[in-house]
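Engineer: Those sequence lines, one after another, are chains A and B.
Following this note's numbering, the numbering of the first sequence begins with 6 at its first residue and continues without gaps.
Following this note's numbering, the numbering of the second sequence begins with 5 at its first residue and continues without gaps.
None of these hints come from the bench; they were simulated from the model.
Mixed in with the good hints there might be a few duds.
To be verified - Listed below are the simulated DSS-like cross-link pairs for lysine-lysine, each with C-alpha atoms no more than 27 Å apart in a straight line: (1) A/LYS27 x B/LYS73; (2) A/LYS58 x A/LYS23; (3) A/LYS43 x A/LYS24; (4) A/LYS45 x A/LYS58; (5) B/LYS7 x B/LYS56; (6) B/LYS73 x B/LYS56; (7) A/LYS43 x B/LYS56; (8) A/LYS14 x A/LYS27; (9) A/LYS14 x A/LYS43; (10) A/LYS46 x B/LYS73; (11) B/LYS7 x A/LYS45; (12) A/LYS27 x A/LYS45.
The structure presented is a predicted model; accordingly, all values stated were derived computationally and were not measured.
Below, each chain spelled out in residue letters.
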Amino acid sequence: DTEVTQTPKHLVMGMTNKKSLKCEQHMGHRAMYWYKQKAKKPPELMFVYSYEKLSINESVPSRFSPECPNSSLLNLHLHALQPEDSALYLCASARAGSGDEQYFGPGTRLTVT
Amino acid sequence: DAKTTQPTSMDCAEGRAANLPCNHSTISGNEYVYWYRQIHSQGPQYIIHGLKNNETNEMASLIITEDRKSSTLILPHATLRDTAVYYCIVRVVSHGQNFVFGPGTRLSVLP
Numbered sequence: 006d007t008e009v010t011q012t013p014k015h016l017v018m019g020m021t022n023k024k025s026l027k028c029e030q031h032m033g034h035r036a037m038y039w040y041k042q043k044a045k046k047p048p049e050l051m052f053v054y055s056y057e058k059l060s061i062n063e064s065v066p067s068r069f070s071p072e073c074p075n076s077s078l079l080n081l082h083l084h085a086l087q088p089e090d091s092a093l094y095l096c097a098s099a100r101a102g103s104g105d106e107q108y109f110g111p112g113t114r115l116t117v118t
Numbered sequence: 005d006a007k008t009t010q011p012t013s014m015d016c017a018e019g020r021a022a023n024l025p026c027n028h029s030t031i032s033g034n035e036y037v038y039w040y041r042q043i044h045s046q047g048p049q050y051i052i053h054g055l056k057n058n059e060t061n062e063m064a065s066l067i068i069t070e071d072r073k074s075s076t077l078i079l080p081h082a083t084l085r086d087t088a089v090y091y092c093i094v095r096v097v098s099h100g101q102n103f104v105f106g107p108g109t110r111l112s113v114l115p
């Protein structure tokens with residue numbers, strides 16, 4: 006299994022809603038990532054988890070809250086988002102050790118109304 | 005991580021080789037060159053990476069100059085499905101470290 010899965014594929018939420026994005030991999034990778042991608046722009050890193058611990062937070066607003074409950078799962082909890090948070094949210098994973106190429110999921114297209 | 009520069013866009017005829025250049029003149033000795041691509045509305049896909057030697061896999065070849073200040077990704081026989089944005093990234097190989105994506109090159113393979 007060389008796949009990173011993300012659910013849901015699409016999400017529309019209001020500014021007062023609470024929702025969560027889910028990412029899963031079964032490749033035994035111990036690094037997992039959240040990226041945000043606006044239209045016609047490259048992906049921008051948000052968070053990195055290494056061995057289930059948050060290792061990088063790229064100054065992301067607290068309305069985005071990551072969680073890594075185990076080595077296969079990564080969640081992104083969303084609360085009180087703004088319309089400008091509408092974007093494609095990408096999850097990626099990488100194995101421990103050298104090489105370290107990242108495998109990306111298909112993303113969740115988020116629209117905040 | 006070192007900065008890279010790539011052309012904004014390129015065209016290639018179907019069946020011909022696509023040669024995508026990348027400049028990374030400030031690359032450090034322990035930084036690798038990675039290539040990813042992103043087909044419209046999909047997640048980025050790993051293509052290849054290398055340190056100083058040329059590399060080849062089933063998808064592409066990576067040619068790195070001797071001074072390591074530039075590299076070229078070669079898709080030997082481009083198909084319409086290779087139309088995508090191609091990102092060149094340089095980074096230290098270290099677990100849990102991030103990739104910094106630049107604007108990339110939008111490759112259009114034309115019939």
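Engineer: Would you mind marking each hint as holding or not holding in the structure?
Structural biologist: Hint-by-hint comparison with the structure:
Taking the CA atoms of A/LYS27 and B/LYS73, the gap is about 39 Å. The hint is violated against a cut of 27 Å. Of the pairs offered as hints, the one joining A/LYS58 and A/LYS23 holds, with about 23 Å between alpha carbons and a cut-off of 27 Å not exceeded. Straight-line distance between C-alpha atoms of A/LYS43 and A/LYS24 comes to about 19 Å, which keeps the hinted pair within the 27 Å bound. As the CA atoms of A/LYS45 and A/LYS58 are separated by approximately 31 Å, the hinted pair breaks the 27 Å bound.
Restraint check: the Cα-Cα separation between B/LYS7 and B/LYS56 comes to about 17 Å, which is no more than 27 Å; the hinted pair holds. For the given pair, B/LYS73 sits about 10 Å from B/LYS56 by alpha-carbon distance, which is consistent with the 27 Å threshold. Our distance criterion of 27 Å between C-alpha atoms is broken by A/LYS43 and B/LYS56, whose separation comes to about 33 Å. Distance restraint check for A/LYS14 and A/LYS27: the Cα-Cα separation of roughly 10 Å lies within the 27 Å cut-off, and the hinted pair is therefore satisfied.
Our distance criterion of 27 Å between C-alpha atoms is met by A/LYS14 and A/LYS43, whose separation comes to about 16 Å. For a cut-off of 27 Å, the pair hint linking A/LYS46 to B/LYS73 stands: about 25 Å separates their Cα positions. Under the criterion of a C-alpha separation no larger than 27 Å, the hint pairing B/LYS7 with A/LYS45 is consistent with the structure, at around 20 Å. Distance check on the hinted pair: A/LYS27 and A/LYS45 sit about 24 Å apart at the alpha-carbon level, within 27 Å; holds.
The earlier numbered hints that this structure contradicts are 1, 4, 7.
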